[in-house]
Amino acid sequence: MQVQTSGNVEEVVIIGTGAAGGMAAWNLTRQGVNVVMLDAGRKFDRSEFWTHVKPWEIQQRLDAGQKRAPIVLDRDEQPYLVPLGRDFDLTRVWGRGGKTNIWGRVSLRYSDLDFAGPEMDGWEIPWPIRYKDISPYYDKVDQLIGVCGGDDDSDSLPGSKYFLPPPALRCGEHVIKRAAKSIGIETVHIRRAVLTKTHNGHPKCHYCGACGSGCDVGAFFNSSDYLIEPAFATGKLRVIDNAVAARILVDDRGLASGVQYFDRNTKQENRVLAKRVVVAASCIDSTRILLNSTSEKYPNGIGNSSDVIGCYLSEQIRIHIRGFAPDLIGSKVYNDDGIGGEHIYLPRFNHRDGRKRDYMRGFGVQFWNSGAQTDLSYARSLPGFGADFKKAVKTRYPAMLALHPFGETIPKKENRVTTQGSPLDRYGVPIARIDYSIGENERRMARDMYNTMLEIMHAAKAEIVPADKGQLDSNGSAIHEHGTCRMGLDPKRSALNAFNQMHDVKNVFVVDGSAFTTASEKNPTLTILALSWRATDYMAQEMKRGNI
Amino acid sequence: MSTRRDALRILISATSVLPAAAATQQTKESAEQAGHLHQGPALKPSSPATPAFFQPEEFRTLEALSERIIPRTDTPGAKDAGVALLIDKALIARAPLAPQYRAGLADLNALAKQEFGKLFADLNEQQQIAVLTPLSLDGSTPLGEFFTLAKGMTVDAYYKTEVGLKVELGWHGNTFLSEFPGCDHPEHNA
Numbered sequence: 001m002q003v004q005t006s007g008n009v010e011e012v013v014i015i016g017t018g019a020a021g022g023m024a025a026w027n028l029t030r031q032g033v034n035v036v037m038l039d040a041g042r043k044f045d046r047s048e049f050w051t052h053v054k055p056w057e058i059q060q061r062l063d064a065g066q067k068r069a070p071i072v073l074d075r076d077e078q079p080y081l082v083p084l085g086r087d088f089d090l091t092r093v094w095g096r097g098g099k100t101n102i103w104g105r106v107s108l109r110y111s112d113l114d115f116a117g118p119e120m121d122g123w124e125i126p127w128p129i130r131y132k133d134i135s136p137y138y139d140k141v142d143q144l145i146g147v148c149g150g151d152d153d154s155d156s157l158p159g160s161k162y163f164l165p166p167p168a169l170r171c172g173e174h175v176i177k178r179a180a181k182s183i184g185i186e187t188v189h190i191r192r193a194v195l196t197k198t199h200n201g202h203p204k205c206h207y208c209g210a211c212g213s214g215c216d217v218g219a220f221f222n223s224s225d226y227l228i229e230p231a232f233a234t235g236k237l238r239v240i241d242n243a244v245a246a247r248i249l250v251d252d253r254g255l256a257s258g259v260q261y262f263d264r265n266t267k268q269e270n271r272v273l274a275k276r277v278v279v280a281a282s283c284i285d286s287t288r289i290l291l292n293s294t295s296e297k298y299p300n301g302i303g304n305s306s307d308v309i310g311c312y313l314s315e316q317i318r319i320h321i322r323g324f325a326p327d328l329i330g331s332k333v334y335n336d337d338g339i340g341g342e343h344i345y346l347p348r349f350n351h352r353d354g355r356k357r358d359y360m361r362g363f364g365v366q367f368w369n370s371g372a373q374t375d376l377s378y379a380r381s382l383p384g385f386g387a388d389f390k391k392a393v394k395t396r397y398p399a400m401l402a403l404h405p406f407g408e409t410i411p412k413k414e415n416r417v418t419t420q421g422s423p424l425d426r427y428g429v430p431i432a433r434i435d436y437s438i439g440e441n442e443r444r445m446a447r448d449m450y451n452t453m454l455e456i457m458h459a460a461k462a463e464i465v466p467a468d469k470g471q472l473d474s475n476g477s478a479i480h481e482h483g484t485c486r487m488g489l490d491p492k493r494s495a496l497n498a499f500n501q502m503h504d505v506k507n508v509f510v511v512d513g514s515a516f517t518t519a520s521e522k523n524p525t526l527t528i529l530a531l532s533w534r535a536t537d538y539m540a541q542e543m544k545r546g547n548i
Numbered sequence: 001m002s003t004r005r006d007a008l009r010i011l012i013s014a015t016s017v018l019p020a021a022a023a024t025q026q027t028k029e030s031a032e033q034a035g036h037l038h039q040g041p042a043l044k045p046s047s048p049a050t051p052a053f054f055q056p057e058e059f060r061t062l063e064a065l066s067e068r069i070i071p072r073t074d075t076p077g078a079k080d081a082g083v084a085l086l087i088d089k090a091l092i093a094r095a096p097l098a099p100q101y102r103a104g105l106a107d108l109n110a111l112a113k114q115e116f117g118k119l120f121a122d123l124n125e126q127q128q129i130a131v132l133t134p135l136s137l138d139g140s141t142p143l144g145e146f147f148t149l150a151k152g153m154t155v156d157a158y159y160k161t162e163v164g165l166k167v168e169l170g171w172h173g174n175t176f177l178s179e180f181p182g183c184d185h186p187e188h189n190a
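Sequences listed follow chains A and B, in order. Residues in the first sequence are numbered consecutively from 1, following the numbering used here. Residues in the second sequence are numbered consecutively from 1, following the numbering used here.
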């Protein structure tokens, strides 16, 4: 098959249209740079989100032959490998906006506990930036996308002058807040990228709680509506749909010269030539592309003289503890949808007040599915059957407290994504192999998580739903992959500099979660947006200076 | 058939009623949100369904079993919610479980015959409870294991239906609200 290329050399090509790629496109086009984006899918149609479809209508619609938007990529279409006895639960979205169509929207700033964490405990390399470097960008991102929150900053969770009003708490959240406080742990208002007021032309949330299906009005940040559509309006953006990026092309000077991609439907090979490449295909796919971009100059993948690309994969660990608040058992049932997900957050606290711990780093706690929700799986665990059982389910319904701690996993070289020797995908390109496991540090942290969650439940006098102690959620299920193309000051131990630019290849920037030096316990999207904005500001300056 | 009419009446009475002014305000605001879809595309009413996996006699046992797990009380039960048909459908999607389910129903009938000389569905309520109680207390026997499976699938099906989620539990979410009021218990907000 003949390879197609237009022959034009673009100013910038961006791989991926999620948070990282969308921000890069928005920030470059508004500064007058012409951009081409490769999207592995297409724009999703909001009418296919099924946002306002009740749980019992879903099967009826499927039976009637109706289809919902195929947002999450089918693993059969693009498989990945895990070694025998290991697991990694990878969620990918190919299509405009990527995972921001259905993301959890929790928007927490990293603090210097995160950026300088490795300096404090000596495990692996520190970030090349500190909070002061990124805080102006957090301010700008908050103003651009709209994040709600409260005035309750701390050393582990810096605040913002630009928060939209926080939503009112649900009953169960008052109970959790009070119980945690009684044992010396403070909760805060959730910081979430949901519009509690109309913001920059986007409508406010109407509290239907169906965010996980995609928002029918765009009342929470998604890269397509908030970044890529405004970028189109500049006249500087072109997006190639169904373009599955395979490799970055290299010229004889060792610089990137474009991207090889395949049409998702026809499998036709194409090339887009460009002076600069921004990689934003999400952690695992970006890593796969970089490792597959081999050449005489870069035998183990572009920009990989350090051999760190693919290594240090860091996800997060989670456990789930549920119980029932006694004073809410049998109480009135509220519409607890709110802005979808919890309205409070429990920031990291294990470094304070002389607390002792036998592990590095920390965890924070989220509380989704507290209150009257559509997940009734707890009913399976209540004893008996018949009228008494039915009553027990009903009276507990408004009383659910759900505790979900998220913990940092420390970066380890052997937690590694590779492509060499992998089977080929439908385009003839090696697929990713993910070799990942947690270790003793994570297991110790999980024990502390479990004990702390039980302390909170006991303080609330809650009736606890039986849970298997030590049972961690599957690897990858937090959907927070980081670390496989990390930033750092030392080119021997990192792939990117402090501006997400490759140490080895000056005209390649990697701006998604793969660039994170550590995972932190926090949700990464806000930081991805801030880093991508900062990186592309630097990139635009370097272009003006004629350096790249 | 009175069952369906009863369920319908409870459905109507459970529908929340907004004060007129608030309703007008919500209609106005929702109309102003471009692209807001209160519903997906219209659904054609489906024809009365029949079990696709179970034989009629098995299905009768299944209906009796699920009704005993979640009986009709002052609110609708599993039969009112059509749980047996939903389990029949779920088993087609989860084929590996289907033979186990079928065998479990046969074993349940054998046990009912052994203890009371009749098929499970033909026992009275007290007899059915007497058959099921030991199974619910010990999930380690083959029939206990089947009971755990049957209870789980009954629960999953029932609380996903409009009858189970909305009528029985009082869920009234996934709707357009102008504001989110949150908890209004004075003791929580103190």
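Among the hints, erroneous ones may be present.
What the hints assert, rightly or not - Simulated restraints, written as ranges between beta carbons of each label pair:
1) B:Ile92 - A:Gly254: 55 to 61 Å
2) B:Gly117 - A:Asp89: 49 to 55 Å
3) A:Glu119 - B:Leu137: 38 to 44 Å
4) A:Asn265 - B:Thr50: 47 to 53 Å
5) A:Asp139 - B:Gly144: 43 to 49 Å
6) A:Lys197 - B:Leu137: 51 to 57 Å
7) A:Pro326 - B:Thr148: 49 to 55 Å
To be verified - Quick list of in silico lysine to any residue cross-link-like pairs, SDA-like style, CA-CA up to 25 Å:
8) B:Lys89 - A:Pro70
9) A:Lys67 - B:Ala52
10) B:Lys89 - A:Asn547
11) A:Lys332 - B:Ala52
12) B:Lys89 - A:Tyr378
13) A:Lys297 - A:Asn547
14) B:Lys166 - A:Trp368
15) A:Lys391 - B:Leu97
16) B:Lys79 - A:Gln60
17) A:Lys391 - B:Ala52
18) B:Lys166 - A:Ser331
19) B:Lys79 - A:Leu62
20) A:Lys391 - A:Gln31
21) B:Lys79 - A:Ser381
22) A:Lys391 - B:Glu162
23) B:Lys166 - A:Lys297
24) A:Lys197 - B:Phe176
25) A:Lys394 - B:Glu115
26) B:Lys89 - A:Arg68
27) A:Lys391 - B:Gly170
28) B:Lys166 - A:Lys197
29) B:Lys166 - A:Pro70
In short, the hints are calculated from the structure, not lab data. The structure displayed is predicted, hence computed values, not measured ones. Note that the Cβ used here is the ideal one computed from N, Cα and C, for glycine as well.
Item to check | Violations among the numbered hints | outcome: The structure conflicts with hints 3, 4, 5, 7, 10, 11, 15, 17, 20, 23, 25, 28 and 29, although it agrees with all the remaining ones.
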